[in-house]
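Asks: Residue strings, one per chain:
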Amino acid sequence: MCYFAQKYVKDFESAKEIVQDAFISLWEKRETIDMERPVKSYLTMIIHNKCTNYLRDNRKFDQYILNIENLIDIPEYESSDSMVADELKTKIDMAISELPEKCREIFLMNRYENFKYQEIAGKLQISVKTVETQMSKALQHMRFRLAEYITIVVALIISFLSK
Amino acid sequence: MNDNSTYYTDLITRYFSGEIAEDELRLLSDWMKTDPQHLETFRQYQKTWQLIEKQNIQSKVDTDQEWIAMQAKMTAPASGYEIPAKVISLDQNRNRTAFSLQNTWKVAAAITILLVSSFLLYFLISKPTEIIVTAQAGNREQVLPDGSVVSLHAGSQITYPSKFASGTRKVELKGEAYFKVAHDKTKPFIVASGDARVEVLGTQFNVKTNSLSNTMEVVLTSGKVSVYYKEKPQDNVLLAPGEKAVLHAEKKQITKSSNTDVNYMAWKTRVLVFDNETLSQVVNTLQNVYQKQIILADAPLSGCRVTASFSDQSLESVLQVIKETLDLQVTQNGNRIELSGKSCK
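These protein sequence lines are chains A and B, in that order.
Numbering-wise (this note's numbering), the first sequence opens with residue 1 and increments by one.
Numbering-wise (this note's numbering), the second sequence opens with residue 1001 and increments by one.
Hints are computed from structural coordinates only; laboratory data are not their basis.
Even glycine gets a Cβ: it sits at the ideal position worked out from N, Cα and C.
Treat the hints with caution; some may be incorrect.
Now the in silico label distances, taken between C-beta atoms and shown as ranges [what the hints assert, rightly or not]:
no.: 1; chain 1: B; residue 1: Lys1224; chain 2: A; residue 2: Ser97; range: 55 to 63 Å
no.: 2; chain 1: A; residue 1: Ala147; chain 2: B; residue 2: Thr1186; range: 26 to 34 Å
no.: 3; chain 1: A; residue 1: Met83; chain 2: B; residue 2: Pro1161; range: 36 to 44 Å
no.: 4; chain 1: B; residue 1: Thr1034; chain 2: A; residue 2: Tyr112; range: 31 to 39 Å
Model the full assembly from the supplied sequences, consistent with the hints where possible.
Replies: Structure, rendered in structure tokens:
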């Protein structure tokens, strides 16, 4: 759920809050929900709404991009195939370890410790631009290393969106 | 094209990390609209990002903590909600819980194992540690670093290094043990007790040390051994199968004789064979094998003869047979067993 929310919201802490609020909303409405439908779909809907509201309020979203993000899910990894998950985890860890030291440090500070660019720049005594460049480099490397996990469904998306 | 592509990659990265500005957002969206290639590029970064984030969240979110926090929020308003009695099954979430908890434990376990093993490795590599093996209640077998097998008689103890250094394989013995030594021409196997040495190349033999009488007895089953005192290795005694060497620590003397005690290994094999054996000898053997004190209360009994064999029998069974055969009385006095009677038939 957090993962789903974070796709929209990008900020981990906010995503967590939204998910919690979603559970609470669902709880408050518990008398009125139809128990036939899976709870997950209710939650998903609630989370989606809360996220869009959040974005609207924070003014950092683009309808077009949002639509694109929506369409692409990674259903194959929602499965609890722990072997694939482990493999993936190893691949990710390996790719991260391959990053040059400073780059890796910045990347981990941003993704794992949830520091903003500004905060990282302050802590490491470097410019925000440097942080940006390093983050970009990191993502490029990760994309390259995780290529095999990124399946391509190009034609479908493009044809749909060109309308 | 170089400048352009890094510019947009930067934008995309800023977008995913939530640092993008509003006007940049529009730029990005326009850029994606102009060329399906751009869209594809965006998609790939998105996928990459999602894989990382998913992994990230699974390892970060402590579902239990969050659940508690959430419950707090739910019970806070004065409407008096109780902790939900209706259990809503959330399959997805359950998987996540197990996974994230598992992950945390896995990481903790991995780190612990890593630390412990590097600790151990350090010690193992820096110098071979001494291993002491004691057979307490019953007999005990131990495999040595070179593959040799030692059978320890109850109450005996051996000391040896965790790794045999170059040159020799030395084992210290207190008590009695049977050795099955693995062949190794490059490293003679040496059993030490005090200053006495039993040197072997690859063989099977029994060593009995007696700290009270300060003696050591070696009986060879098969192979070849050399017995000597470490100060006088040239005054060694070579044993052939079936021979026995007795070492007297005080005089540093070694006497060789033919082994007459058929039951020298009975403590291990539990096979006893008495062929017209004197009762005093029988009692000696039984004491050794069963580790109990047995006394002949009446002197004339020592000359009685016993002919019987036992295979894996308890001391009670053995004594029962002897009692019947020689018309004796067996009384138990604490840990002491007394055999009394008139004379033998």
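Asks: Against the earlier hints, flag every one the structure doesn't satisfy and list their numbers going up.
Replies: The structure conflicts with hint 2 only, although it agrees with all the remaining ones.
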